[in-house]
Amino acid sequence: MTTAQWIVTDLVVALLSVGSWFATAVSAALRRPRLALGLLIASVVIAVARVGTVAMLAGRGWWFVEEKVLLGLPMLGAAGLAAVLIAGPRLRALQRAPGDGVPAGGIVALFTVGYAALAGLLVTSLAGYPLTWPTALITISLVAAASMLTARVVAGEGEQPEGVGTAPVASPLLARRRFFTLAGGAVVVGAGGAGVGLLFRPSEALVTGGGPGPSHGGHMMMTSVADLRGARTPAPGGTVRRHVLTAQTGSVRLPTGRDLDAWTYNGRVPGPAIIATEGDLVDVTLRNLDVEDGVTLHWHGYDVPCGEDGVPGLTQDPVAPGAEFRYRFRADQVGTYWYHTHQASHPNVRRGLYGTLVVKPRAVGDELDLTLPVHTFDDVVVVGDRDEPTAHSAPVGAPVRLRLVNTDSAPHRLALVGTPFRVAAVDGRDLNEPGELAEVGLRLAAGGRYDLVFVMPEHPVGLVLDGAGEYAVRLRPDDATGDFDAPDISGWPDLDLLEYGAPATLPFDPDAADRHFTMVLDRGLALVDGRPAYAQTVNGRAHPAIPDQLVAAGDVVRFTVVNRGLETHPWHLHGHPVLILSRNGTSSTGSPLLMDTFDVRPGEVWEVAFHATNPGIWMNHCHNLPHADQGMMLRLAYDGVTTPFGDAHSTHG
Amino acid sequence: MRKAFAGSAGLLMLAIAAQFFLAASGAFDTAPIDESFQPHRMLGYGILLLALLLTVYAAVARMPGRIIGRCGLVVGLGLLQPVIAAIANAIEDSGDGSNAGQLVFGLHGLNGLVMMAVVGTIVRAAREAARSTPPARTGAGSAPADGPADLTRPAP
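Chains as they are written, first to last, in this note's numbering: chain A, 622 to 1274; chain B, 2 to 157.
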């Protein structure tokens, strides 16, 4: 079973446990001893099963079980043992000789196990990893409070006939009850108060991943990201690729005649295709006509100097209506990339503020070279600039390159039908000796790119998108009219890029890492921009409360990225590609794989590394943009780099 | 105060009815799922909170055990709702091609109906409890207090 399946199984067993303990308590309270005893036995069996599911998950990594092992199961075990000892013998006795029912203490003990089981489940789903003292203390306090309230109700119901008149001080029962009330109250107030108090401890501002801390003192020259700008001239032999992009709101008419209420660069979706040749200077002036939120241009996957990265509040101020910003950088990096706004990127990228950036090598390229961004507007899928299937033609024998770009926030599954092909590049970077493929599904992460290459055969070729049952793009050999239907691709196996291509010398040694950061992705209660929310979290926190990751220029940095949740997180580090080392403990055996956006699916653990050679302060976030908006983003800062933009720690994704 | 409890239980009932409306209108929205169901999600948290407050209040006020228990049941069923949705989505995402995710999601609707039924019994019990409580402030023989629950009370 996969880790995700174990997560769900453990969740279901935990739910059964909650239901079973409460059912036991209720049936005991309703004086159904036979049913209660049966349920008690079932509850104990489920508790043992729970230990089993937690043990299985523990085998997949401590991140998946910490709060269960340290808090949930001990609480359940202690309360469960007490309940079995207090209520168990009584329930057995009642089978043989029906009597008054279970005494109040037994009923309260059974309810308390229910509360403990529920609390454990809530800690798993609302707090997650890592388990903190405030979480543990507040949980214990709440369980104790619920238990005391139950005791009050149960005792109240039991003794109503007695009422007034008895001498309260003399009764040993009342004395004992008073003791329990005081002790319970002390636990509730003490643990709860300490837990809430600890919540207000200031959090750490940065983590160093085992490397040296920030250098202070006068010798270190501080660099501002505003000074980390790109080249102003092309490389020898290159030209200047000048563009003006004007962000605007308005209606866009699609080829089928459908009108889209979109936000665009230059009134079209996607924005103008920026195409350069290796060594050219890309010189783009961004103007904002009327996008009230402000806009920027982020060059997704392109390792520009930090000052050109287009992150508002970090590398520049957002470009307000009427303002402009000029981006210049040298196109030294060949491949398929894209650009989009990073100001309120959710929902403004979805609304249409995106376009493609393709840098071609100086050598002669492929005969037919198509760039196909896939974008979803509400329920309309736009491939390239068209919302309907398109057809192209190429001479038989011509080399063809399809550049697929996923500009959505969810992954797409694609397949190329009708010809063997190769995945020549992933996220713009060429693979080493990619093998020929046929009848495979290609899962493309949000923000990711694949370059597919093949030689045009004598019959048509089609691209299928998400098992839509028809071709999104058809390629016909010149003069051919023949056609064929799209096959069902849902049964085709997915290509595993970690096993694709041939190994080669790595660009740096990932085993000699200077720093190592672990990011555990999940959902949970956290503050997002100061407001409590059911956030998308990294290590239990949400933006901007996630500590910055500190690196120094020249470091080799490793990330362990763990997905504890049930949603896919396309992880995206700005300014650097990461080298994929392993997934779920299985090392990459194929071509060296450099990606800027890799899908961490539920339950997966990825090891990646990068070489810190591009100084700046960089966003490091989930490229499911609603997730980033809900808190799943942080910053990676080079030692000695500062930013004059925005307030100290908050950046708008 | 028991009247306030009965009123709050009635409010909970209305909120759950509104949940069905929001779920249906969210399903026909063309915006992405995250946004379409935002109102449904927010009201869901509100319902959970209200049910929790009712439970604690009923326990503190020592109302009859079956009312406390049913309020607690609504809390429990309410907690199940996002869990069912998450599990259904997880099954859907795993993409095994079956419609198991859809079937699990159906439970979300059924569970909502059960919640509504339980709240219905709470409202009825709470109204009975409110009716049986002697008027707190008005003296004997004075005009009945306002509130629909009193209309059914026999005239003095």
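In case anyone wonders, no lab produced these hints; they're calculated from the structure.
Keep in mind it's a predicted model, so treat the numbers as computed, not measured.
Just so it is clear, CB atoms sit at the ideal spot from N, CA and C, and this is done for glycine as well.
Please note that the accuracy of each hint is not assured.
Computed far set for chain B versus chain A, every beta-carbon distance over 10 Å [claimed, not checked]:
no., residue
1, Lys4
2, Ala19
3, Thr31
4, Tyr46
5, Ala60
6, Val61
7, His109
8, Val124
9, Ala126
Here are the in silico distance ranges between beta carbons for each label pair [as the list claims (entries may be wrong)]:
no., chain 1, residue 1, chain 2, residue 2, range
10, A, Ala852, B, Leu104, 54 to 60 Å
11, B, Tyr58, A, Asp882, 43 to 49 Å
12, A, Ser1203, B, Ala5, 58 to 64 Å
13, A, Asp721, B, Leu15, 37 to 43 Å
14, A, Leu656, B, Glu129, 56 to 62 Å
Now for the hints, and whether the structure bears them out:
1. Lys4: Fine: 21 Å to the nearest Cβ keeps Lys4 of chain B off the interface.
2. Ala19: Since the minimum Cβ distance to chain A is about 20 Å, Ala19 of chain B lies beyond 10 Å and the statement holds.
3. Thr31: violated, 4 Å
4. Tyr46: Label violated. Min Cβ-Cβ 8 Å, cutoff 10 Å.
5. Ala60: At about 5 Å from chain A, Ala60 of chain B fails to clear the 10 Å cut-off, so the statement is violated.
6. Val61: violated, 7 Å
7. His109: Its Cβ never comes within 10 Å of chain A, the nearest being 14 Å, so this holds.
8. Val124: holds, 20 Å
9. Ala126: holds, 15 Å
10. A:Ala852 x B:Leu104: 54 to 60 Å: For Ala852 of chain A and Leu104 of chain B the Cβ distance comes to about 58 Å; the hint holds.
11. B:Tyr58 x A:Asp882: 43 to 49 Å: Because 47 Å falls inside the window, the suggested range holds.
12. A:Ser1203 x B:Ala5: 58 to 64 Å: Holds - the Cβ-Cβ distance for Ser1203 of chain A and Ala5 of chain B, about 59 Å, lies within 58 to 64 Å.
13. A:Asp721 x B:Leu15: 37 to 43 Å: holds, 41 Å
14. A:Leu656 x B:Glu129: 56 to 62 Å: violated, 27 Å
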